[in-house]
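Put the two chains together into one complex; each comes in its own frame, and the hints tell you how they fit.
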Amino acid sequence: MKVNGVPVTPPDPDARLLDYLRDDLGLIGAKEGCGMGECGSCTVLMDGVPVCSCLVLVCQAEDADVTTVEGLRRTALQEAFVTGQAVQCGFCIAGMVVSASALLAEHPDPTDEQIRAGLEGNLCRCTGYGAIVRAVREAAR
Amino acid sequence: MPAEQAREIVVGTLEYVTDLRFPGMLHGAVTRSAIPHGRIVAIDTTKAAAMPGVRAVLIGADVPCNRLGPADVDGPVLADQRVRQVGEAIALVAAVDEGTARRAAEAVVVTVEPLPVVADPRTALSPEVPKLHEGGNLAGRIGFASGDVEAALAAADVVVERVVGTGAQEHVAIEPPGGVALWEAGQVTIWCGSQNPGLHRRKVARALNVEIDDVRLVAGPVGGAFGARNDDPMPVFLAVLAKAAGAPVHMRMTREEVMAAGPKRHPFHTTVRVGFTEDGDLAASDMTALADTGPYVTSGPNVLKTSAEMSVGPYRMPVARFDGRVVYTNNANAGAFRGYGVPQVAFALETAIDEAAARLGMDPVELRMRNLLRGGDRHGLYGHAVTPGLRAAETLAAAAADEWWVSRREWQRAARGPWRRGTGIAMAVKGVGLGSGRGDAARARLICDINGHVRIWAGPNHTGQAIDVAYRQIAADVLGMDPARITVTVGDSQLVPESGATAASRSMYAGGSAVAAVCERYKAALAEAGGPARLVELGRAEFEATFHLPDVADPGLIPPKRLGDHAPHLVYGCSAQVVRLEVHELTGEIRVAGVVCAVDCGRAINPGAVIGQAEGGVAQGLGFALMEEHRLDGGRPLTTSLENYLIPTARDVPEIRTLLVEGDEPTGPMGAKGMSEVVIVPTGPAVAAAVADAVGVRPARLPITPERLLEGLR
Ligand code: FES
Ligand code: FES
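Protein chains in written order, with my numbering: chain A, 275 to 415; chain B, 12 to 725.
Chain B extracted, bound-state conformation (with noise of 0.2 Å):
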């Protein structure tokens, strides 16, 4: 079923966020850090303010609370007393227009005595090494051991050990972060995309003292978030420019700024040592794992709690160790991004699987197959039972009967020139929701009216997937109707209950869910009543239910008590990807020639949707493979643009084949379960694995460029 507002997307009427014009409207622009880190001595606005056409110009002291988060480690609003990143916000400007408005930003002096740089996460926990926050450098750590790893070592038959690292991904939605904020008798409306409305109005609030409820977030139409519209300061920035030039204030990045200051995917430095026995059964798994944060907190330490978690992927593990710590640097702050720790850890674990099936002789799927967890196991880290409607085997026979993988040897042989061929499989696995412990929780509203017609209000909010008509579609299944007679509204926050953040995999599983608990109370009502009129006569027509998302029952070797500090998940989906591809065997040039996607996606409400969703997660999984990595040197980036930060064309993205391996997710709405975020992780691995099958070079490093690969071949 396409997306509602597809049929006005296609003749570009739809109005984004960035699109909206008002009467008297004003522009935006932002002063931004020149330098990677440096104490703020001065910051001269007399010049900017006297410009023809501005409005208003503010610094950190002219917002109330100039703080983006609770904490001092969220970094502020606006930087007042220290830059800690090239790009990082220290004035704002409103004015006439667009051109005037980032005239005025360049106009304002900031003097900056320059401090050392700490460029390296290896090293920024040293003594020596300068203090970006009083606390020191450790953004946080997450450490949990399953039993005697070193001794499981020491026994196993086969120990492979990988030193890997993955780069920073940058989002590149196409549309930059922007919107409008509009003040009227003390209550703010700002349109602007977001994934997380409740969270960006409590910030708005914050900074600005005033009443959550006096803050409205219209958080869409957004183009692309990706998890970047989940830390975005943009609501905060526009919110406060508006009050303090009482008018209208438009605002959007340019996508030089995104890719100075948007988040991006934390760069992981990763070892793992694997140990299996002789005949192939999994021994343990020890992973250490230092994540980039940047220069504040944002996702980091819940970043690592998927991280631990996934690190034993979805495999039966006897014992198994993670140690991970995310650093504070003067490199881009990182955040949320699809995936969310997983594609590091997974790039670790699955090439160190296949290095083991090389040693041990055996094949990749088979080694897979005689290990991976089936539904109900235990988890291989922390001991918990897993849901039933785990389907790692029937996903993995999947991939592995498509014709790329069975046939890949004739394909092989068939390989012409200096264009050598490999195949490569990897799997992975990743939870749904926010896991156990921290309080998960989805809302729906309903009304009806006289003549059966229903309106629902329901969040998480769409961001490109289309999950509104996925409400529409659960809607009409419990209530046996035409979803064409059911309104749904999202990313309305005056309108929609609070119900948390389109991530974590958990729109589809949460929402669908409190949408099904919403719709069995009005059909439970409309039963009893004998019809619609007569609720709306008895002024019984609204209904709202809430759905929290279940904790695990048994959390295995967790202490109770700290169920939240690790979070794990009792319902998880999972995929596994064959990638063809082809490689210069003197110019280290890949060609990607066929990528199969398998996954275990429950059941497929909207099949072109979920397809939609898989199609698109391994195309950025292959541009974090191959192309993509957000680059710095000495804290001042490199990769500026699109011109030299390169993402997946049309000519990049080959052929994909989505395998919806389909079975009902026992406590899933209509049996569904999230997906979207699985699809990117065994991108990677796979894509390494098919190199390693055409030139013998297993990659340690994403992304695999030609430069890198060469150099392994050498």
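In isolation and in its complexed conformation, chain A is listed as follows (with noise of 0.2 Å):
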């Protein structure tokens, strides 16, 4: 496995790929919000992709190139989360990032619908989604 390029070595297979990087690696970006699958705010990306990290068994990424939010490097997206003021708690801002880096690389122009269904999967409770997706679409320009 590889993590944000480095390559790494897991002690325990049957671990969540969600503690491993937390946990043993110490990336605290993903955080884990409900850890079965529904807020998106531990979501990391494994060989491109967008997957929940807490649903993940580091041994289903064995193979995987795995990308946290401190690996990413759209600073262009972050810098337009930070300006936008898009950023009220943050807590779900990592997962929120990751996904709509993911998003981007897919539609590099991408509508209002597309920005609303990429982050679909990433629940936020404070921003009402509507200065995260002026932020994506502000990116993407």
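Think of the hints as simulated: they come from the structure by calculation, not from any bench.
Ideal Cβ positions, reconstructed from N, Cα and C, are used throughout, including at glycine.
Keep in mind that a hint or two might mislead.
As the list claims (entries may be wrong) - Chain A regions said to be covered by chain B (calculated; three or more residues, Cβ under 8 Å): (1) 290 to 303; (2) 361 to 372.
To be verified - One side only, chain A facing chain B, incomplete, derived with CB under 8 Å: (3) Gly307; (4) Cys308; (5) Gly309; (6) Glu312; (7) Val343; (8) Glu344; (9) Thr357; (10) Glu394.
In structure tokens:
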């Protein structure tokens, strides 16, 4: 497994990927909001595809290239979240940014409908999503 | 202006309280009641304590003062004689890792003799129903009449009566409660999300029988609050467990624990009668409300105070009466939740006004407009004078001028297939601060250095609304300084002087005013001394100020001695909203197409943050209106996780047009006032009005689920 480009050897194949990232590797960007694939706050990329890391076991990601929010290089997107005031409590934001980066990789110029569909798996309780959708749109420019 | 921590958040490096790790740290877990009501016969911890890796197991008897609040009805820290709710905490475990702690918590054997369950608040006061507390099942009552309501209703030309209900809403802050506690030399530091660090400090000190100065609470960063971090027992759990284990303890609740044991918005059963003259002038209103607080009192009676005051909305009301009761049941414990008792009563009143408009053949905007309070008018129930800064009419006018309201008929006619279209409008008002007679105050401290760099410690705390940024903006404005040369710290009880809760729409108004006051002091001293270096030299570089929220100058009909019992407000904010939506006439499914949110916010100091609060409030209001309800059956929760308790996603929330109706609040800092709660209030009734416009049936219950709607259509 590679995490943010660095080869790693997880000690426990049955651990959840989320716990491995947070507890063993100290990558605390991915958060646990539900532990059952409902909130998206634990979203990371596995070979470029967003997944809920709370539902993935380390052994399922053995050969994968895992990217967490800490490993993203789309600064325009992150900057748009900041300047667009899309961050309130911020707990959902790492997952949002990861999902949005995958969305922009697939649709460099997404429609609002595509943005909302792409972020549907990421719950945010603070923003009502408006500023988040605007930030993604802004970053696509 | 962006939130202070936003840059760290977007790259994932900000440590939330649940992200903290300390050397030698243990992990905690809670043993919880599986049944809604029962007598505890025995608690056996021997098996749990013997498990490898377990460092401490605690029950109620181990807590020095096993009380969460000053009264018995506030509940114990750990249930020791009786359990009154599914999910109630009975034992705490600390172990070397989270898995071991949870397994040990499961291994605590609790023998309980089940007792009859009080599940229906409507019968909770009947004599044959078991008493949940010694004093019976009435947790509080508030009543007030400004005159002879029956006579006024009898004389009215049109009287509308509505019997409505609203459900228990769960906050669903995306971060479940948790944190870390660490004892050093008899003093404890607790990192735990809190909207009320002062209150939590007092709770911890009381439960552990230590001095309040020995308790430090660092209340963030926290992943959302919305009221849920006001009564949260988590800081007490952490402190108690870390003390017993003799090591730092980390703990976090699972989502399932939050769903069962976390506070909820009080479910209400409400009846309202509203009378009008044939010209559309309001003649009287009479409202009766029943609120379910669950097993413990928490915020119940205070919530009802706000319900009473807001039961007449932002309207002139010649005569009004409110009679509200809060009752104990074995349902989920209710607590503070954004809007604090107002969404429930506004749903009753606003839908009644719509019904009256239909009967009178009047436009709903025109009917409201002719009855709205204008700034400086007297309150519809209590008769006190309200701030001249109230902009109810301007707010309604702004919403009604939006193209989505103006062109609603054309939009309706363009409906296709089974999707029928409707548009609704509603209005709401909410007081800013705790209300008169409550001694509501906030404080700020300031220190300058020789170069004129200013550090400010102020409360209330930031729980997502970037209040610290607003404090910085206010300070920069008063001092005429670059905000970059000002540092603001919030949320640490050791550093920030006691400033009360991040609640009641008071943070901007109260905290902002305290910051403005401390800056004025500094400014005056600067002018006198001739510069910051001189102040430092003189040993006068430190300042403190307290801001007391003003009480109403003239309490109207409230006897002055009872001011705090009713806690009327001087300052109010209001919001008017337009909702357009589509209803599938065969399935009852509802798609919201757009919301206009006009908000009377005083001067918007940080407009981007105000818009964010408005959009977030509307989204939460849409959840309350259409999908969110914590359901129980005989005290047993049916909605147990985010799999069966759904909140709005990016696809459910439409475009929200926020219209800031700006204008100075004369008593507020830089003309600002609170607005983050009122924006959740009109959404429910506006959705109901839009549904009625689409399919001709006015919903009587929130949430308006497809099943309920189809039932009404049949
Ligand atoms: S924590 Fe993984 S989806 Fe919620
Ligand atoms: S910013 Fe708080 S959950 Fe999204």
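Hints versus structure:
Under the rule that three or more residues need a Cβ within less than 8 Å of chain B, the assignment of the stretch 290 to 303 of chain A holds, with 4 such residues. Residues of the stretch 361 to 372 of chain A with a Cβ under 8 Å from some Cβ of chain B number 9, which satisfies the need for three, so the listed coverage holds. Restraint check, glycine 307(A) versus chain B: the minimum CB separation of about 4 Å is within 8 Å; hint holds. Because the smallest distance between the Cβ of cysteine 308(A) and any Cβ of chain B comes to about 4 Å, under 8 Å, the interface hint for this residue holds.
Here the hint on glycine 309(A) is kept, as its CB sits about 6 Å from the closest CB of chain B, short of 8 Å. With its C-beta approaching chain B no nearer than about 4 Å, glutamate 312(A) sits inside the 8 Å limit, and its interface hint holds. For valine 343(A), the shortest C-beta to C-beta distance to chain B is roughly 4 Å, which falls under 8 Å, so the interface hint holds. Interface restraint check: glutamate 344(A) against chain B, minimum CB-CB distance 5 Å, threshold 8 Å, status holds.
Interface restraint check: threonine 357(A) against chain B, minimum CB-CB distance 6 Å, threshold 8 Å, status holds. Because the closest C-beta pair between glutamate 394(A) and chain B is about 5 Å apart, less than 8 Å, the hint holds.
In this structure, every one of the numbered hints holds.
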